[in-house]
Each structure stands twice: as C-alpha cells, then as structure tokens.
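Asks: Chains as they are written, first to last, in our numbering: chain A, 1 to 240; chain B, 1001 to 1114.
Just so you know, the hints here were simulated from the structure itself, not pulled from any lab data. Each residue gets a CB set at the ideal place from its N, CA and C atoms; glycine is no exception. Treat each hint with caution, since some may be false.
[What the hints assert, rightly or not] Okay, derived cross-link-like pairs now, SDA-like style, lysine to any residue, Cα gap no bigger than 25 Å in a straight line:
hint: 1; chain 1: A; residue 1: K66; chain 2: B; residue 2: V1059
hint: 2; chain 1: A; residue 1: K66; chain 2: B; residue 2: F1107
hint: 3; chain 1: A; residue 1: K66; chain 2: B; residue 2: L1061
hint: 4; chain 1: A; residue 1: K66; chain 2: A; residue 2: S108
hint: 5; chain 1: A; residue 1: K66; chain 2: B; residue 2: W1028
hint: 6; chain 1: A; residue 1: K66; chain 2: B; residue 2: A1104
[As the list claims (entries may be wrong)] To spell it out: a stretch of chain A is covered by chain B in this simulated footprint if at least three of its residues, at any positions, have a beta carbon under 8 Å from a beta carbon of chain B; those stretches are:
hint: 7; segment: 58 to 72
hint: 8; segment: 111 to 117
hint: 9; segment: 120 to 134
hint: 10; segment: 223 to 235
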Amino acid sequence: MTDVADPPAETEAHADDGHGAHEEAHGHGGHHASLGLSNMKLAMWLFLGSECLLFGALISTYLLSKARFVAELLAGNPRVLETLPVGLAEEFIEAGSVEPMWDIPFTSGSSFILLMSSLTMVLAHKAVTEGDYRNSRVWLAATALLGSTFIAGQVYEFTAFYREGLSYDGNLFGSAFYTLTGFHGAHVTGGIIMLLSLLVVSFRGKLRQDRAETVELVGLYWHFVDVVWVLIFTIVYLIP
Amino acid sequence: MADTTTDTQAHAGTHADHAVHPTEKQYWIVFVALAVFTAIEVALSYGGLEGVQLVAPLVVLMAVKFMLVAGAFMHLYFDLKILNGRLFTWAFGGGLVLAMGVYAVVFAAFRFQV
C-alpha cells in the first residue's frame, strides 16, 4: 500500500526489497528516506525542535520572572524583601540586579567543560565511523566524565546559592532560576546515561561501524544540551 | 541480488553522509573558536560596559557560538547540503528569525504593574 503511494524515485529503491529494507533498517541504523537523510535523524531533529519550545518557554519565564522580581525589590515590596536574607537583598538593591549572586569565573569554567565535552563527543562519533573502537570508547568515557564534572559543578553552585539564601520556593526569581538550570541539568544527566549505555554496548562489541548513526543521534542530543547552555550562560549569567 | 543492491545503496547513503562531515582538525578549530568566544564574553562582562553596549556584542557572540555548535558539531550545515533543499534552510532559518521576532515584540510590549 505504502509503495504505491511513494513517488517514482522512492518506488525504484523499494521495488524489490522485501528483505533489503528490513536488513537496511537493522544493519545500518536507519532507513534513508527520499530526503537523503535517515528517518531516525530526522525524528531526532523533530524531537530537538520540541525541546527548543520547552527551553524557549523556560528562558522566557525566567526573564520575565527576574524582571518582575527586581522591579518589586527596587520598589521595596515587603513581601519580596522578606524572601531574602537582609544582606543579599541589600546587595541586589545596590546593584539594581541579581548580578551579585553569580560566580562568573566558576560558571565560565563549567561552560568550558561542557564545550569541551561537545568536542570529545564528535571525536567519539568520528572514531566509530572510522572503525577505531578503542578511541571511540576513550572519547565516549571522556564525554561522560566531562558531563559529570559539569553536573557536579551545578550541584555545588545550587548548594552555594541555597546557603546564601536563594531558595526554590521563596520568590519568583529563585523558582525560575532553579527550574531553568535544573531542567538543563536533568537533560545533561539523561545524556550521561545515554553515553554510559553506549559505552556498555561498545564493550560488548555491538557498537560497530554500521551502527555509527546511533552515536551520532546521541551526539545530536548532547550538542543540543550544550547549545542550550550557550544560551543560558549568556542570558542568565552574563547579561545583567 | 535485490538485498545486495539495497544494501549497497544504504552503504552509499551512509558514507555520503559522513564524507561531507568536518575533519578532526576542523572540529578542533571550531572548539578553539568556541573557547575564545566564551573568553571574550566573560571579558566583556567584566569590561564595565552597560546597556546596549554590553548586551549587543554578548547576543552576537551567543548567536555565533550557537551557529558553530549547530552547524559544525551537529552537522546541520552539512546535512542541509545533503538535503539540498532551500525549503529546509528556510524552515530552520525562518523559524529562528520568527522566534527572535516574537521574543523581541513580547519583551518590548511587556509591562509590570508593581
């Protein structure tokens, strides 16, 4: 039924592939559609598109919540003032922003680590593509390790902020900040789990050259997480 | 015979995808560029600039970093070449421009009642 509806070029490729299509789907990690791009990869891009909407909404919410929080703080709203320790509230009012909260050198280090993990991820994919399985494991492990270091840094940062008096449920700014960066951290954690799964599959000898697209798909997700951090780092930490 | 033909086509498709991807050296160059842009961003934030003078270069650098990661590391630039369709370039580029436009309008029109 489907073959009849396909355009001529597609029909030619499928004309006599009763077994071929099956083998292709299983042996090469995805069916190449008439677009010239595998369906799996296109599906991953669609998924990442929906993730863009999620993070777009979270970033918008953060910006609006922070603006309202600072406006109310500067207007001396007692309901907002009482959500912060006196010292921290005074620092915010003096700066006219939440800038005194951030530890830019530390967060810059975390950003650098995440950028580096993107490099190790593409190197892992390249190694699998070239059949260099030993190096692919090294790069996959390095990516997972760098991702874990980033998460450790985020846990440290959250702990430091909480001790300074910024709680999750205290005010709009705290809720929006922890939700945005926490969601990103959860995505990084998900990526680390995927990377470790790939490592296990690789050690079992099942991550061969013909499954390189699986690594590329995980890579797409990982780079997306990196690109979201590029936005968060500038919008949340650097722009006052 | 039919299996072999399809199998070869699949191999050709897969290899065609990878053939146009960047080299290892190019990946390192992109990474160094990203690190340098991040360092410039941090330096700008300590440079004593305010308002548009600070925000404009930060947003430009952020957009450049975004495009470098999406284009080189995520292979978007190369995959769009494979797709060979302006439709896709317009779909991604148009979506980005539309999203930024909506953001700009919403934030410009938003007012708080304190």
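Asks: Confirm or reject each hint.
Replies: We went through each hint and held it up to the structure:
Note on K66 (chain A) and V1059 (chain B): the hinted pairing holds, with a Cα-Cα distance of about 18 Å set against a maximum of 25 Å. For the hint linking K66 (chain A) to F1107 (chain B), the alpha-carbon distance of about 13 Å falls within 25 Å, and the restraint holds. Taking the CA atoms of K66 (chain A) and L1061 (chain B), the gap is about 23 Å. The hint holds against a cut of 25 Å. The hinted pair formed by K66 (chain A) and S108 (chain A) meets the criterion: a straight-line CA distance of about 21 Å does not exceed 25 Å.
Between K66 (chain A) and W1028 (chain B) the alpha-carbon distance is near 37 Å, which puts this suggested pair outside the 25 Å criterion. A C-alpha spacing of about 17 Å is found between K66 (chain A) and A1104 (chain B), which places the hinted pair at or below 25 Å, so the restraint holds. As drawn, the segment 58 to 72 of chain A meets chain B at 7 residues by the rule of a beta-carbon pair under 8 Å; at three or more, the given contact holds. Counting residues of the segment 111 to 117 of chain A whose beta carbon lies closer than 8 Å to any beta carbon of chain B gives 4, which meets the minimum of three for the stated coverage.
Coverage of the segment 120 to 134 of chain A by chain B holds in this model, with 5 residues showing a Cβ closer than 8 Å to a Cβ of that chain against a need of three. Counting residues of the segment 223 to 235 of chain A whose beta carbon lies closer than 8 Å to any beta carbon of chain B gives 9, which reaches the threshold of three, so the coverage claim holds.
Checked against the numbered hints above, the structure breaks only hint 5 and satisfies the rest.
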